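Enquirer: Residues per chain, in single letters:
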Amino acid sequence: MLEPTVRAATSPEVGPAADYFQGYTVVGLLAVVGVLFVAVAFTAGRLLRPEVPTPEKLMTYECGVDPVGEGWAHTQVRYYVYAFLYVVFAVDSIFLFPWATIFADPGFGGVTLVEMFIFLGFLAIGLLYAWKKGVLEWT
Amino acid sequence: MTDALDITWRLLAVFVAFLLLPLIVGQAEHKVMAHMQGRLGPMSAGGFHGWAQLVADGVKFAQKEDIVPAGADRRVFRIAPAVALLPYLLVLVAIPVGPGDAVGRPLDAGLFYVLAMMGVGVLGSLMGGWASANKYSLLGGVRTAAQLLAYELPMLLSAASVAMAAGTVSLVGILDGFQWWWVPWQIAGALVFFTAGLAELHRPPFDMPVADSEIIFGAYTEYTGLRFALFLLAEYAGIVVLCALTAVLFLGGWHGPVGSGWFWTLLKTALLAFVVIWLRVSFPRLREDQLQKFAWTVLVPLALAQIALTGVVKVVVS
Chain A
534 MLEPTVRAAT SPEVGPAADY FQGYTVVGLL AVVGVLFVAV AFTAGRLLRP EVPTPEKLMT
594 YECGVDPVGE GWAHTQVRYY VYAFLYVVFA VDSIFLFPWA TIFADPGFGG VTLVEMFIFL
654 GFLAIGLLYA WKKGVLEWT
Chain B
-1 MTDALDITWR LLAVFVAFLL LPLIVGQAEH KVMAHMQGRL GPMSAGGFHG WAQLVADGVK
59 FAQKEDIVPA GADRRVFRIA PAVALLPYLL VLVAIPVGPG DAVGRPLDAG LFYVLAMMGV
119 GVLGSLMGGW ASANKYSLLG GVRTAAQLLA YELPMLLSAA SVAMAAGTVS LVGILDGFQW
179 WWVPWQIAGA LVFFTAGLAE LHRPPFDMPV ADSEIIFGAY TEYTGLRFAL FLLAEYAGIV
239 VLCALTAVLF LGGWHGPVGS GWFWTLLKTA LLAFVVIWLR VSFPRLREDQ LQKFAWTVLV
299 PLALAQIALT GVVKVVVS
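Read top to bottom, the protein sequences are chains A and B. Residues 534 to 672 (the working numbering) make up the first sequence, in order. Residues -1 to 316 (the working numbering) make up the second sequence, in order.
These are calculated hints, taken from the structure and not from any lab test. None of the values given here were measured: they were computed from a predicted structure. We treat Cβ as the ideally placed atom computed from N, Cα and C, and that holds for glycine.
Calculated pairs, DSS-like style, for lysine-lysine (alpha carbon to alpha carbon, straight line, at most 25 Å):
hint: 1; chain 1: B; residue 1: Lys29; chain 2: B; residue 2: Lys58
hint: 2; chain 1: B; residue 1: Lys62; chain 2: A; residue 2: Lys590
hint: 3; chain 1: A; residue 1: Lys590; chain 2: B; residue 2: Lys58
Which bits of chain B does chain A cover? Going by a derived footprint, with three or more residues having C-beta under 8 Å, they are:
hint: 4; region: 55 to 66
hint: 5; region: 81 to 90
hint: 6; region: 132 to 138
hint: 7; region: 149 to 155
hint: 8; region: 213 to 227
hint: 9; region: 286 to 294
hint: 10; region: 301 to 313
Whenever a hint applies, use it, and build me the whole structure from the sequences.
Expert: Below, the structure written as structure tokens:
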């Protein structure tokens, strides 16, 4: 319901949204250039290099000894809790960016700063908790 | 029409910088490391002090047979080097070099975009490590993942501190607001950012994922020829991007003690690249647990403290 009002308010300045995305068309063009570069390099490489595969050559290289078992071994990745810790922290820190751009503007100031310290306090306590739980011990 | 021409020029400039600067850093690494160790380094290729060594290396790489191991996940294995390399090209477009419009493309969410892209670069190593179907490569890939988990966070936090100081996430905006006293004010954040960036690029002393004495060459073990060369290029492009970003975010980019211009950005980037090489010569490799402990118990608290300091100073000043 609110959307038309917002559009009407911004339309005199030749659509900021259009401007915003125009910046990324240049990025998109550069991505195309990059993909072309890699494609050309790989194609040229195919024309230049020799190709004489032998079974020994195609064998997995593990220090010159014939590989034992499969490459995709069944390993237990032990850092599940740790990865979880990362996700929590990273999502939190992403929220810092929009807040960072306005926290010192007129009308914010002191109160916002206190809020930030509460936020940092949560992060610090989380880190201390993980530390105490032994998530940050590796030996 | 002029618009199209302008964009073409900019893309060309970014692309040439992307191909040239990593080679210059690579050559500098050969020479600087050699002289720090009492050697001469490459001397013959190209005649004058072996300036064409990396060109010769490139020619050699292009002529080598491209081997995809029989057990590998072929498609992922083949595209992994491109995934590792291209994000750094895309980052370069957003980095402002000089005042005015000396930037590939000023993006409003520049800082955000740049950090996101740098994170994608690490995926290339993960894909390579997994797709190789080699136990050592897999170990290297898993270590890469663990390192990313540990060091991405302090990097984000210290970058957020700069965004707080400037009140914007646009890289151009950050430089427009820059004052000289930001350097001592943000110095802890700068150290955290630079260190975390080094760790994300697997540069020594954080090169556990490619530790050649224990897991051959980590995720890159099975790669040969051109694909291996692209991984190497990605590493050096990463150094250029990290140094340029540190210069822009924490050292004032184009602002210099005398005047201002693109010259200062390049000089600061070059000096930081020298430091990167210097660190490689000076420090032994950190063990995996030391590496993790360093990130969580030193860098993350330091970054949080920097954010607190930035917040207090900013509110007091304004």
